[in-house]
Amino acid sequence: MNSKRAIIVTGGGKGIGKAICQSLASSSNLVIVGRDQNALQSVSSVIRTTGGVCEFVIGDVKDPQTAKDAIDIVTKNGWQLHSLVCNAGIGGGGNTDSYAANKWMEMFDVNVHGTFWFVQAALPLMLSHSEGKICIVSSVAGVKGFKRQAAYSASKHALVGLAKSLALEYGKKGIITIPVCPAFVMTDMTERVIAGLERYQNLSRADAEAKVRSTNPLNKIITPEEVAEAVALICAGKLDHMNGNPLVLNGGE
Numbered sequence: 001m002n003s004k005r006a007i008i009v010t011g012g013g014k015g016i017g018k019a020i021c022q023s024l025a026s027s028s029n030l031v032i033v034g035r036d037q038n039a040l041q042s043v044s045s046v047i048r049t050t051g052g053v054c055e056f057v058i059g060d061v062k063d064p065q066t067a068k069d070a071i072d073i074v075t076k077n078g079w080q081l082h083s084l085v086c087n088a089g090i091g092g093g094g095n096t097d098s099y100a101a102n103k104w105m106e107m108f109d110v111n112v113h114g115t116f117w118f119v120q121a122a123l124p125l126m127l128s129h130s131e132g133k134i135c136i137v138s139s140v141a142g143v144k145g146f147k148r149q150a151a152y153s154a155s156k157h158a159l160v161g162l163a164k165s166l167a168l169e170y171g172k173k174g175i176i177t178i179p180v181c182p183a184f185v186m187t188d189m190t191e192r193v194i195a196g197l198e199r200y201q202n203l204s205r206a207d208a209e210a211k212v213r214s215t216n217p218l219n220k221i222i223t224p225e226e227v228a229e230a231v232a233l234i235c236a237g238k239l240d241h242m243n244g245n246p247l248v249l250n251g252g253e
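Residues 1 to 253, numbered by the numbering used here, are exactly what the sequence shown covers, in order.
Treat the hints as calculated values from the structure; they're not laboratory data.
Here are the simulated lysine to aspartate or glutamate pairs, EDC-like style, with alpha carbons at most 20 angstroms apart:
hint, residue 1, residue 2
1, Lys103, Asp60
2, Lys14, Asp188
3, Lys173, Asp240
4, Lys173, Glu131
5, Lys147, Asp97
6, Lys238, Glu225
7, Lys68, Asp36
8, Lys68, Asp109
9, Lys220, Asp188
10, Lys62, Asp109
11, Lys14, Glu191
12, Lys14, Glu229
Everything numeric in this text was worked out from a predicted model, so none of it was measured.
Make the full structure from the sequences, and use the hints.
Take a look at the structure:
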């Protein structure tokens, strides 16, 4: 491990974020961010047990102070911020004609504004040593639309647009920005989609899961570990040539 290199991961306590933290723990010091203290403590404990260095910040990405708190940990320890993984996000569907204003605002506050606060806080450190990787976990909904998912898809499209703009603004200054756009991943969010299909289409659990799998030409639901592998490649500088381009993980759909 590079004893000075640090990576910040938002939404690091569960699902995709947890898998990302585990995949990066052997290469860098980690600062993980989330709202669930027990989940953050659990992930941190596992990483420390295996010889990694991990600190965590309990906070909501909607609050710019949370990003500042994460940066403060990096600077306090004298680490060099090498990578930022903006993974925290929420989902939620509904008919567009009746979608509540507060739900729309929350979708953007978490998915878009929360990402922006962390990017903005991280950039000065990265610019100070002319190097950095910014990985933004978007979604396949960031490159295509879905029925009854206007807010979610719009927020994920915004993340892809943000990444493209960052790539143009900071690529020549050594900072690489790549959005990762996975299709259905076996997380709590996908579990809710499957449950919804069971409920609204009167399907069995097996049939509902099969319907979700069928959206992927490989007939599979992506694992959090597969997304984490892609993120690790970005942080390791293996995909710099994709600066600004969405890395779509959907089996070729």
